[in-house]
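Peer 1: So you can see what is in the structure, the chains are spelled out below.
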Amino acid sequence: VQLQESGPGLVKSSETLSLTCAVSRYSISSGFYWGWIRQFPGKGLEWIGNIYHSGNTHYNPSLKNRVTISVDTSKNQFSLNLKSVTAADTAVYYCARVEMNTAYFDFWGQGALVTVSS
Amino acid sequence: QSVLTQPPSASGTPGQRVTISCSGSSSNIGSNPVNWYQQLPGTAPKLLIFSNTQRPSGVPGRFSGSKSGSSASLAISGLQSEDESDYYCAAWDDSLSGPVFGGGTKLTVL
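These protein sequences, in sequence, are chains W and D.
When we follow our numbering, the leftmost residue of the first sequence carries the number 28, and every step to the right adds one.
When we follow our numbering, the leftmost residue of the second sequence carries the number 204, and every step to the right adds one.
Rather than coming from a laboratory, the hints here were simulated on the basis of the structure.
Here a beta-carbon is modelled for each residue, glycine too, at the ideal position from N, C-alpha and C.
Please note that a few of the clues may not be correct.
[Unchecked claim] A few chain W residues that face chain D, going by a derived Cβ cut-off under 7 Å, partial list only:
id, residue
1, 72
2, 74
3, 121
4, 128
5, 130
6, 131
7, 133
8, 135
9, 137
10, 138
11, 142
I would like the entire structure built from these sequences, with the hints used as guidance.
Peer 2: This is the structure we're talking about:
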C-alpha cells in the first residue's frame with residue numbers, strides 16, 4: 028500500500044487548505060478507513076479526520092466546523108479541505124490508512140508541509 | 204498539549220535497555236489498545252507496536268510493549284544507534300471519538 032499527498036505548500040491566511048492523497052497498490056473500496064493527521068512544528072501529532080469509501084466521515088471535534096474530507100473511488104484517492112486557515116494550521120499533513128475506531132495507522136504517506144502565510 | 208503524556212526525552216548507551224512511558228486516562232488507554240510509532244528524522248511515523256504488545260512484521264523483537272491500567276510502556280532492549288528516533292504512543296479516545304497521541308519522546312543513543 029502506498030499513499031502520496033499532493034497540494035499547495037503555501038496557503039494564505041483565511042483561505043482554504045486543500046490536499047489530495049493518492050492511494051496505490053490497494054483499492055480504497057476494499058475496506059479500511061482513510062485518515063488525515065497533521066504534525067505541528069513542535070512535533071505534536073493531531074488527528075484531523077477519517078473517511079470510508081462509502082463517504083462516511085468522522086472529524087476531530089476541534090476542527091469539525093472547518094474541515095471536509097471527501098473520497099473519489101474512481102481515482103482511488105481522498106482529499107482534505109480545511110477552511111479559514113491561520114498560522115496555527117502550519118504543519119506537515121499526513122494521509123494514512125487506519126482501522127475503524129482505532130489508533131492503528133498502518134500505512135502513511137510521506138507528508139506534505141503546508142505553511143500558512145499572512 | 205497532547206492528551207497522552209510522554210517524557211520529552213530518553214537516552215541510553217548501546218546494548219542497554221530503555222523504557223518510554225505513556226500515561227493516559229480511563230477514556231483512552233484505560234479502555235482501548237495502545238499503539239506505538241517510531242519516527243525517524245525527516246520521515247513519516249511508522250507503526251512499531253499495536254494492540255499493546257504486538258509487533259508488525261519486520262519489527263525486531265528488541266521492541267516490546269506493555270499496558271497496565273491507564274498507562275503503557277515501550278521497551279527497547281539491546282539498544283542500537285539506529286534506534287535514535289522519536290517515539291509516539293497513541294490510543295482511541297472514547298470521549299473524543301477519535302485517536303489521540305502522546306507528545307513524543309526523543310530517544311538519544313549515547
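Peer 1: Hint by hint, say whether it matches the structure.
Peer 2: Taking the hints in turn, this is what the structure says about them:
1. Annotation: interface hint on residue 72 of chain W holds; nearest CB of chain D at approximately 4 Å, less than 7 Å.
2. Satisfaction of the interface hint for residue 74 of chain W is found here, the shortest Cβ-Cβ separation to chain D being roughly 5 Å, below the 7 Å cut-off.
3. This hint holds: residue 121 of chain W has a C-beta 6 Å from the nearest C-beta of chain D, less than the 7 Å allowed.
4. Taking 7 Å as the C-beta cut-off, the interface hint given for residue 128 of chain W holds, the closest approach to chain D being about 6 Å.
5. The criterion of a C-beta within 7 Å of any C-beta in chain D is met by residue 130 of chain W, whose closest approach is roughly 4 Å, and the hint holds.
6. The beta carbon of residue 131 of chain W comes within 6 Å of a beta carbon in chain D, closer than 7 Å, and the hint placing it at the interface holds.
7. Annotation: interface hint on residue 133 of chain W holds; nearest CB of chain D at approximately 5 Å, less than 7 Å.
8. For residue 135 of chain W, the shortest C-beta to C-beta distance to chain D is roughly 4 Å, which falls under 7 Å, so the interface hint holds.
9. Proximity of residue 137 of chain W to chain D holds as hinted, the smallest CB-CB distance being about 6 Å (cut-off 7 Å).
10. With a cut of 7 Å, the hint placing residue 138 of chain W at the interface with chain D holds, because the nearest CB-to-CB distance is about 5 Å.
11. This hint is violated: residue 142 of chain W has a C-beta 17 Å from the nearest C-beta of chain D, more than the 7 Å allowed.
Violated hints amount to a single one, hint 11; each of the other numbered hints is respected by the structure.
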